[in-house]
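Participant: Sequence:
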Amino acid sequence: MTNLPHGRRAVTLERVAYGLALKTAARLGGAFKKTESGRQVVIVLRLPTHAELYEYAAAASILVREVEALHEFCVGSPTISRKGGIEYEPINTQLKLGRSLLIVWPSDHEVPREMALVADRVVAVGPVRPFHLVVAAKSFADQTIDLADAKRMMDYPLSEVFAAFRTKRPPAAVLGRLADSKVVETPVVDGPRLEQLVGYGDAKTWGLSLAQDIRAWHDGKLSWSDVDRGLLLSGAPGTGKTMFAGALARSCGAHLVATSIARWQAAGRLDDTLKAMHRSFDEAISHKPSILFIDEFDGISDRARLIGNVHETYWTQVINSLLELIDGHERLDGVVVIGATNHPDVIDAALRRPGRLDRHIRISLPDTEERRQLSRFYFGNDITDEVVEALATATTGLTGAHFAKAGREARRAARRAGRAVSIEDVLAVLPVPKRIAGGERRMVAIHEAGHAVVGVRLGVGELKTVAVPWEVHASQPLGFAHFQFDENPLWDRQEYLDQVAVTLGGRAAEEVILGTAFDGAGAAEGSDLHKASDLATMMEFQLGMGEGLAYFNLKSTEERDRVRQNNPAVAARVERVLRQEMERSREIVTRFRVAVERIADILVEKAIIDGDEVRRIIRETSR
Numbered sequence: 001m002t003n004l005p006h007g008r009r010a011v012t013l014e015r016v017a018y019g020l021a022l023k024t025a026a027r028l029g030g031a032f033k034k035t036e037s038g039r040q041v042v043i044v045l046r047l048p049t050h051a052e053l054y055e056y057a058a059a060a061s062i063l064v065r066e067v068e069a070l071h072e073f074c075v076g077s078p079t080i081s082r083k084g085g086i087e088y089e090p091i092n093t094q095l096k097l098g099r100s101l102l103i104v105w106p107s108d109h110e111v112p113r114e115m116a117l118v119a120d121r122v123v124a125v126g127p128v129r130p131f132h133l134v135v136a137a138k139s140f141a142d143q144t145i146d147l148a149d150a151k152r153m154m155d156y157p158l159s160e161v162f163a164a165f166r167t168k169r170p171p172a173a174v175l176g177r178l179a180d181s182k183v184v185e186t187p188v189v190d191g192p193r194l195e196q197l198v199g200y201g202d203a204k205t206w207g208l209s210l211a212q213d214i215r216a217w218h219d220g221k222l223s224w225s226d227v228d229r230g231l232l233l234s235g236a237p238g239t240g241k242t243m244f245a246g247a248l249a250r251s252c253g254a255h256l257v258a259t260s261i262a263r264w265q266a267a268g269r270l271d272d273t274l275k276a277m278h279r280s281f282d283e284a285i286s287h288k289p290s291i292l293f294i295d296e297f298d299g300i301s302d303r304a305r306l307i308g309n310v311h312e313t314y315w316t317q318v319i320n321s322l323l324e325l326i327d328g329h330e331r332l333d334g335v336v337v338i339g340a341t342n343h344p345d346v347i348d349a350a351l352r353r354p355g356r357l358d359r360h361i362r363i364s365l366p367d368t369e370e371r372r373q374l375s376r377f378y379f380g381n382d383i384t385d386e387v388v389e390a391l392a393t394a395t396t397g398l399t400g401a402h403f404a405k406a407g408r409e410a411r412r413a414a415r416r417a418g419r420a421v422s423i424e425d426v427l428a429v430l431p432v433p434k435r436i437a438g439g440e441r442r443m444v445a446i447h448e449a450g451h452a453v454v455g456v457r458l459g460v461g462e463l464k465t466v467a468v469p470w471e472v473h474a475s476q477p478l479g480f481a482h483f484q485f486d487e488n489p490l491w492d493r494q495e496y497l498d499q500v501a502v503t504l505g506g507r508a509a510e511e512v513i514l515g516t517a518f519d520g521a522g523a524a525e526g527s528d529l530h531k532a533s534d535l536a537t538m539m540e541f542q543l544g545m546g547e548g549l550a551y552f553n554l555k556s557t558e559e560r561d562r563v564r565q566n567n568p569a570v571a572a573r574v575e576r577v578l579r580q581e582m583e584r585s586r587e588i589v590t591r592f593r594v595a596v597e598r599i600a601d602i603l604v605e606k607a608i609i610d611g612d613e614v615r616r617i618i619r620e621t622s623r
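Taking the UniProt record's numbering, the leading residue of the sequence shown gets 1, the next gets one more, and so forth.
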């Protein structure tokens, strides 16, 4: 409990600055309004993330002592135990005395319901701003600080600013000490620059543009508000998201702060997690320009999916704190925040709003040309063109991480043998591919031909290629039918139904031509049946294209799956759509069975067929 005798509340620069932030919040809460005599006014002042409760409580006591309009108030705050528990019974006792009360409340604890009901207002206290520092210095020590100097001081953690500031010490000396006391920057570990990386597509283009902008910002030629300072980077495991962050930092001449949601959580309980988050941001702010790379970003739950969850309060506080840190305004000038994830669809929507991680780039698996370049980079520039082509084929479906690992192991084998890297060295360390042959190859070919024929007949996109490779790695599908769509398609109900039918076309071909169904269509998340079920669910319950018009907020595959599992009526409506479209696919496959089988024969023999050839076969066999 605060409200200690005034003599025990020494005035310091720190407390004066905190008091100014508290004063603004108290004014917003109505503390300065005239009230009826004897009426109790209760205002809860919720502190910024990671604020020192004791110091703010002391600042509030000084504030009510020195500001005449607040003399009627006393100050209360809870007690935090060593284990993180919170005790607020003394506040309840003071409430019963009938005096007006300013309650200083820590941000990492929820305001109890009964206290929120008592309070006239619950107000968030804003962070200390540069102008607060200017006013506090003048008030506390009669020192004049230029606002520009105050802004530069605020680039450092507040604790360091208040430690460096001494009475009569000029602002230039304070800034000099802050600069001198900066922790020696940890150099980015040796490695490739972004210019040297292969297989990063749009991410590399964005990163090189960022490097130019950071140089322009550093030279005073560009405002930080014109720099892309937030990115959500997604991609399958092993696509090199962490490597990208290191290479980007090297190309930008920036300090790299590499952390993860799991590392923050490993610190302990909620308060420790929030402190770990704050330390990462403080390090990035103290070493500008910097890249703050947060891996496993999907580890922070989406609040929309937490309603009713036992961990809802915990994660809500974590997300709110992270949002406050990302919205650091001028303190984050010079800091680029990158969140990396394998599952971008489960990220809380607030984290992806403009000004935060509003740009999303997906790192895809390397294409043939990129695999050629990766082969030369990791296996040696002196390998022949024939070896490069062989490796580009042998590494289909592999990620950049696979190349890096295989390169290390192949070079190690060559060193031990006292010779240059050979193709045998490389092939010996590559993951063993799965060969598609015999009856399995015929089944996969029929399946993909079914997709192709149903799609062409219904006019769903433009069929570009159908393929059944000879060999695949674990991360690859056994085959595919690639349809190209307009970048921003506007689909009506029938086009959604057509897409469902195409997705089920492979399973329909298996049943019609092979007389049975194989497990590939529903083997895992992302399979044909999963995709078709999701499309049908969106139609029925999100887009108003089904039996009803009610809207459900089902923005992730997990949410759509959950609503199907937990609601029999939902599952029944989805099943009706799937059965209807499955029957339509069967009819098309039956009518164009000759075309399906001819296309499958070509896939079995040649592994690939282009869209024009598929359309020609369909025309010829339909005469």
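Any given hint might turn out to be false.
Derived PhoX-like pairs (lysine-lysine); straight-line CA-CA distance at most 25 Å [stated by the list, open to error]:
| hint | residue 1 | residue 2 |
| --- | --- | --- |
| 1 | K168 | K151 |
| 2 | K138 | K96 |
| 3 | K23 | K138 |
| 4 | K151 | K221 |
| 5 | K288 | K275 |
| 6 | K151 | K34 |
| 7 | K606 | K434 |
| 8 | K151 | K23 |
| 9 | K221 | K204 |
| 10 | K288 | K464 |
| 11 | K138 | K221 |
| 12 | K434 | K405 |
| 13 | K34 | K96 |
Here are the simulated distance ranges between beta carbons [as the list claims (entries may be wrong)]:
| hint | residue 1 | residue 2 | range |
| --- | --- | --- | --- |
| 14 | G30 | P568 | 48 to 54 Å |
| 15 | K96 | T144 | 33 to 39 Å |
| 16 | P431 | T24 | 42 to 48 Å |
| 17 | R152 | T93 | 44 to 50 Å |
| 18 | D226 | V135 | 47 to 53 Å |
These aren't lab readings, by the way, just hints derived from the structure by calculation.
The beta-carbon is built from N, C-alpha and C at its ideal position, and this holds for glycine as well.
Participant: A separate judgement is required for each hint: does it hold in the structure or not?
Facilitator: Now the hints, each set against the structure:
1. A C-alpha spacing of about 19 Å is found between K168 and K151, which places the hinted pair at or below 25 Å, so the restraint holds.
2. A distance of roughly 39 Å separates the Cα atoms of K138 and K96; the hinted pair therefore is violated under the 25 Å criterion.
3. For the suggested pair K23 and K138, the alpha carbons sit about 17 Å apart, so the restraint of at most 25 Å is met.
4. Using a Cα cut-off of 25 Å, the hinted pair K151 and K221 holds, with the two alpha carbons roughly 19 Å apart.
5. Under the criterion of a C-alpha separation no larger than 25 Å, the hint pairing K288 with K275 is consistent with the structure, at around 20 Å.
6. Distance restraint check for K151 and K34: the Cα-Cα separation of roughly 35 Å exceeds the 25 Å cut-off, and the hinted pair is therefore not satisfied.
7. Restraint check for K606 and K434: satisfied, since their Cα atoms lie roughly 17 Å apart, inside the 25 Å limit.
8. Taking the CA atoms of K151 and K23, the gap is near 21 Å; set against the 25 Å cutoff, the hint holds.
9. Between the alpha carbons of K221 and K204 the distance comes to roughly 23 Å, so the proposed pair stays at or under 25 Å and holds.
10. With a CA separation close to 47 Å, the supplied pair K288 and K464 exceeds the 25 Å bound.
11. With a C-alpha separation of about 33 Å, the suggested pair K138 and K221 falls outside the 25 Å cut-off, and the hint is violated.
12. Pair hint K434 plus K405 holds up; C-alpha atoms about 20 Å apart against a cutoff of 25 Å.
13. Using a Cα cut-off of 25 Å, the hinted pair K34 and K96 holds, with the two alpha carbons roughly 22 Å apart.
14. Distance hint for G30 and P568: a CB-CB separation of about 51 Å, consistent with the stated range 48 to 54 Å.
15. At roughly 46 Å, the beta-carbon separation of K96 and T144 lies outside the given 33 to 39 Å, and the hint is violated.
16. Checking the proposed 42 to 48 Å range against P431 and T24 shows it is violated: the Cβ atoms sit about 60 Å from each other.
17. Between R152 and T93 the beta carbon distance is about 45 Å. The supplied range of 44 to 50 Å therefore holds.
18. With their beta carbons about 30 Å apart, D226 and V135 fall outside the hinted range of 47 to 53 Å.
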